[in-house]
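**Q** Chains as they are written, first to last, in this note's numbering: chain L, 1 to 526; chain E, 1001 to 1475.
No false leads were mixed into what you were given.
If you anchor each label on the Cβ, the simulated ranges turn out as follows:
hint: 1; chain 1: E; residue 1: Asp1437; chain 2: L; residue 2: Met260; range: 33 to 43 angstroms
hint: 2; chain 1: E; residue 1: Ala1241; chain 2: L; residue 2: Lys265; range: 43 to 53 angstroms
hint: 3; chain 1: E; residue 1: Gly1103; chain 2: L; residue 2: Asn261; range: 54 to 64 angstroms
Covered stretches of chain L (chain E as the covering partner; in silico rule of three or more C-beta atoms under 8 angstroms from a C-beta of chain E):
hint: 4; region: 144-153
hint: 5; region: 264-272
No more than 20 angstroms apart at the CA atoms, straight line, and that leaves these computed lysine to any residue pairs for SDA-like:
hint: 6; chain 1: L; residue 1: Lys172; chain 2: E; residue 2: Arg1122
hint: 7; chain 1: E; residue 1: Lys1376; chain 2: E; residue 2: Glu1458
hint: 8; chain 1: L; residue 1: Lys172; chain 2: E; residue 2: Asn1116
hint: 9; chain 1: E; residue 1: Lys1305; chain 2: L; residue 2: Pro81
hint: 10; chain 1: E; residue 1: Lys1240; chain 2: E; residue 2: Gln1230
hint: 11; chain 1: E; residue 1: Lys1063; chain 2: L; residue 2: Ala269
hint: 12; chain 1: L; residue 1: Lys283; chain 2: E; residue 2: Glu1065
hint: 13; chain 1: L; residue 1: Lys366; chain 2: L; residue 2: Thr342
hint: 14; chain 1: E; residue 1: Lys1240; chain 2: E; residue 2: Val1212
Since the hints were derived computationally from the structure, they do not count as laboratory data. Source: prediction; values computed, not measured. Don't be surprised by glycine CBs; every beta carbon is placed ideally from N, CA and C.
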Amino acid sequence: MIDTISSTVHEKIKSDKNNYKYDCKLSTNNEDDLQSEEFEETPLYAAVLTYISYAILCLFGWLRDFLRQSNIETKRGAIDPNASLGFVPLYQSYESFYTRNMYTRVRDIFNRPIASVPGPQFELTERLSDDYNWTYRFTGKTIRAINLGSYNYLGFAEKTGPCATESISAIKSFGIATCSTSSETGTQRYQIELEQLLTEFLGVESCIAFGMGFATNALNIPVMASKGDLILSDELNHVSLILGIRLSGASSQTFAHNDMNDLEKKLRAAIVQGHPRTNRPWKKIIIVVEGVYSMEGSICRLPQLIELKKKYKAYLYMDEAHSIGAMGKHGRGIVDYFNVDTKDVDILMGTFTKSFGSAGGYIAGKKSLIDHIRINSHANNYATSMSAPIVQQIISSLHLLNGPEGKKRIYQLADNTRYFRQKLVDMGFIIYGNKNSPVVPMLLYMPARVTRFNREMLRRGIAVVTVGFPATKLLEARVRFCLSAAHTRQMLDAALKAIDEVGTDISIRYSTRHEHRRLRDISSEK
Amino acid sequence: MGSSMTRGDIESLATDFYDLLESFKHAPVYHLSFEIFLVLAVSWLVFFRKPRPIEKKLTEKEKQELIDEWQPEPLVPSVDPNHPALNVRVLDGIVGKTVEIDGRKSLNFATFNFLNFVGKQRIADKAIQAVQKYGVGSCGPRGFYGTIDIHLELEERLARFFNCEEGIIYSYGFSTIASIIPAYSKRNDILFVDEGVHYAIQKGVEASRSHVKWFRHNDIADLERLLAEQEILDKKNPKKARSIRRFLIIEGLYVNYGDICPIQRMVELKYKYKYRIFLDESVSFGTIGQTGRGVTEYYNIDRQKIDLISSTLEYAAGSIGGFAVGSSFVVDHQRLSAQGYCFSASLPPLLAAAAIEALNIMEEENTTLFETIMDKSKRLHKKILSIKGYIVNGDEISPLKHLRLTNTLNTIGRLEEIVQFAQSRDITITVARYLSDEHRLPEPSIRLILNVEMNDEELEFLCTVLQEALVKVTT
Chain L
1 MIDTISSTVH EKIKSDKNNY KYDCKLSTNN EDDLQSEEFE ETPLYAAVLT
51 YISYAILCLF GWLRDFLRQS NIETKRGAID PNASLGFVPL YQSYESFYTR
101 NMYTRVRDIF NRPIASVPGP QFELTERLSD DYNWTYRFTG KTIRAINLGS
151 YNYLGFAEKT GPCATESISA IKSFGIATCS TSSETGTQRY QIELEQLLTE
201 FLGVESCIAF GMGFATNALN IPVMASKGDL ILSDELNHVS LILGIRLSGA
251 SSQTFAHNDM NDLEKKLRAA IVQGHPRTNR PWKKIIIVVE GVYSMEGSIC
301 RLPQLIELKK KYKAYLYMDE AHSIGAMGKH GRGIVDYFNV DTKDVDILMG
351 TFTKSFGSAG GYIAGKKSLI DHIRINSHAN NYATSMSAPI VQQIISSLHL
401 LNGPEGKKRI YQLADNTRYF RQKLVDMGFI IYGNKNSPVV PMLLYMPARV
451 TRFNREMLRR GIAVVTVGFP ATKLLEARVR FCLSAAHTRQ MLDAALKAID
501 EVGTDISIRY STRHEHRRLR DISSEK
Chain E
1001 MGSSMTRGDI ESLATDFYDL LESFKHAPVY HLSFEIFLVL AVSWLVFFRK
1051 PRPIEKKLTE KEKQELIDEW QPEPLVPSVD PNHPALNVRV LDGIVGKTVE
1101 IDGRKSLNFA TFNFLNFVGK QRIADKAIQA VQKYGVGSCG PRGFYGTIDI
1151 HLELEERLAR FFNCEEGIIY SYGFSTIASI IPAYSKRNDI LFVDEGVHYA
1201 IQKGVEASRS HVKWFRHNDI ADLERLLAEQ EILDKKNPKK ARSIRRFLII
1251 EGLYVNYGDI CPIQRMVELK YKYKYRIFLD ESVSFGTIGQ TGRGVTEYYN
1301 IDRQKIDLIS STLEYAAGSI GGFAVGSSFV VDHQRLSAQG YCFSASLPPL
1351 LAAAAIEALN IMEEENTTLF ETIMDKSKRL HKKILSIKGY IVNGDEISPL
1401 KHLRLTNTLN TIGRLEEIVQ FAQSRDITIT VARYLSDEHR LPEPSIRLIL
1451 NVEMNDEELE FLCTVLQEAL VKVTT
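Please model the entire structure based on the sequences and the hints provided.
**A** Right, here's the structure in full:
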C-alpha cells in the first residue's frame, strides 16, 4: 500500500514574466486527494433538449436532402467523376448524411489554421465563407487569440529559447531525415542518446522511441499480444489503442471506465472460464488503460490497478500520452503522481507531442521487452527513423525538465490547473475529471450551444476546442480546455471573464451541486 | 395347401377387435387419460428432447483454485542477443551521399535518398526559418489548431505538382496508406491486391476487414481471372453486387521487387470491371518519369483515371511524412475518416517546409535530376549484370535494385557477409529486412539504392567491391 505522508509542501516560486508568485501546494500522498474526481450527472432538462435538438437537425437534414434530390436546391460539394459510368458509389448516402447536413453547417469551428507558433497566444488565419462553409476564402489577416486548445502542457512550443536553438543546430549537423529504417541503416547516434536519457528520466530499464505516437500504439501492440491472449481495455481508450488491439488478433473485452470492480469481475471470469468457446486457458491477460483520458479529464486508478494485476497475474499497459511531463512532482507521469514503483507497470507508453513540444512516441519497460519490440516492431523494420531536430527538441526539453526550469514549469502547470478548475466549478459549470488534470472538459450538451460558445469565445479572443458526437457520447458534447505552464495568470483571468460572459449569455451553468455565481462575485483567493 | 383363414376365423378376429374397442369405452376416464399421457411422454422422450449440456457450476472454492493455479506466459519470449536488429550500425552526421560510421566515411548505397536532398543547404535553410517562425512541434491534431498554414501550402503544392484537385498530408509515411485503405474499404468490399505490395499496404488491407483477393505479382492474367470469377458471382446476385465496392491496390514501383506495374492494362480493365485504383507511388515519386511525376507520366496515362495516388515524403523528398492526391471527391473523405489523419498530431512545420523546398527543387525549369537518375540506373543495371554470380531484380530504369546470389547460394548469412565486407571497404549497403509475417516473404536480397549524385567512378568502385565480396563468399 502507499504510505501516507501527511505533510504538505508549500513552495512559492516567482515567475519572471509578471512577478506573480505561484503558490503550489504539492501535497501529500493522501490517496483520496489524488483520486478525487467528479462526474456530475446530466440534468434531465438538458438531456431532453439535446435529443430534441438532434431530432430537429435530422428533420432539417432530410428536408434539405429532399430539396437537393428534386433539384430545387443546388447540390454542393464535389461530384464523383465516375458517377455516370456504372461504378458502385464510393460512399453510402446515409454515411455522409451527418457530413452534409450537420457537420458542414458548423465546419468553421474545426480545422482552424494558425500562422504562428502554437504557444499560449497565437495567430489564427482569418477565413470567411460566402456559401455556408462549403468553401472558404482567406482574407490574409490574422486574429490574435489566447490558445486553450493546443496540447502544450509544459509550454515547450516556443520559437526562441534553448530548445529551438539546439534544434536548429541539429538541422545543421544532421540534416532533416535519414531516409532509412532503424533496423537497416537508420539508427543515428542521437536516437541512442534520446533513448538513454528517456530511460533515466522514467526510471526504467530500457526504452525505444518512434516517429509517431499513433503508430507507436497501433504497430506495437500486435508485437506484444497475439491470438490466444486476452486484452481488457477501458471503454474510453483512444482510437490508436483500439486499432492496435484489433490488429493484434487477441480477444478483447472492455470494462466500464475506471471501474475497478467491473475489471476485477471480468478478470475473475476470464481466468475461471478461459476462452468462451473452447474453455482453454488464456495465454496471458493484458490490461490497457490510459494515464489521463483526454476527453474526460480523469486519471486512471493506478494503485488499485497494480494491486489487481499482482493478484491475478495480469500485465499492465499504460498509455501516458497526456500525462507524461504534465503530472507528477518531477513530471514523470502518473507513476510519479501516485508515487508507485515503475517496475510495477509492465509497459509504459507515451508521446512526445504534448508535453515536449515535438513529435513521436516511446515505449519503456524491461530490457527483454524492449529488445523483443526492437526485433519485431513494424515501425522499427519498415518506417523511417526519427528526424534530427525533432529528437533534439525532446533531448533539450528533457535536460530542462531535470533542472530548476523544469520544476518551475511543472509548478506553474499545477497551479494553473487548480486555479482554473476551481474558478469554473465555483461559477456553477459542470466540469468533469480529476482536479489535478490539466485537461478540463466543460459540458455544454446542446449542439447549438456548442457552436455558439465556440464562435463567441473566438470573438472575445479566446480559441477553444469544442467536441461533439461522434468523438463523445451523443448527449455529452463539451468544450475541452488544455492548460499550459506558459499561460500567465492574466491570460487565465481573461479566459475566465470571457467564459463568464458567454456562459451567462447562453445559459450553460448546469451544475446542481454548486451554486451558480458570476465571476465578479467570487472572492479572489489564490 | 397352407394355412388358410376360414371364414369363421376372420369373423372371430373381427369380433375380438370390436370387443377391444368396446372395452375402451367402458374403461374409466383416469385409466384412459393415464394411458394417453404415457404414450405422449414416451413419444416426446424419443423424438423431441434435446440432450442438455451439462452445466459446470463451480463453487467459489473451485474458482479460487483455478485462479491460483493459472500461470500466464511471460510477456515476451526470450530473444536472441545476436539478432541483427539489436546490433545495428550507428551513424553519425548527415546521411547523404556518404555516411560516417565509427569515424569512417563510406559511400551510401543503402538509404532511400534518391535525389540526395538530405543535407542540402537550401532545404536546411528553409527548415531553420520554419523553426524560427513556428517552433518545432505542432502540438495538436489537424482538427484542433494543429493545422498550420504551411500544411495547407504543402497540400496545394503537391496537388499542383500532380495536376490533381486536392492533396492531403500525413505525419508518418507508414501510416499514410495504412490509414487510407480502411477509410474507403469496409467489411463488405473487395480488394484486389498485388502479392508483392509492401508491409504498410498489407497492414492497411488487414485493418479494413474487407475480402482480399491476392493476385500473383505483376501477373495481369491472374488478375483478369479473379475479376472474371467475381463477375460470375455478381451476375448471380446483382442486388448484392450493387453494394460491394471494388478496389485495386498496386504500387507504381514495388519496393520489394524493383519492378514497375503494368498500369495501362489495369486502367483499361478498370472501366470494364468497374473497380477503383489506388496507386502507391512511394518509390516512383521523384524518380520515374521525365519530370519525376511517377509511372503515370512514364506511361503517359491520364492521372484523372487513377482514383487516388498515395506516396511518401520520406524517400525522394528527403523529409518525413506521407501524402495522397486525387480528385476532391475522393480525397476530402479522408479528412473525417482516416484514423492516422484525424487522431494523430499533424506534421511538424519544419518538415513541411523542407518538403515544400524539395518540391521547389524538383519543379525547377531546367532540372536534369530525373533524366540523370533514370540514365544512371540503366548504367548501374548493365554494370551489375556484367558481374557473373549475381542476379539483379528490378527494371533497368529503377533506382532501387535487389541483388541476389544464384540459386542455393542465396542465404541471409552470405548476404550479411557481403555487406560486412563492403563496409570494411567503405561501401555501405544493406540486406533488406522483413518481418516473418509478410504475406509473401521475398527471397533474401541486398537492396541497392542509387543516389543521383553518384558518379561513374563510384559506381565502378561499387561493382569492384561486389565482385571481390562474391569471390570471398563463394570460396
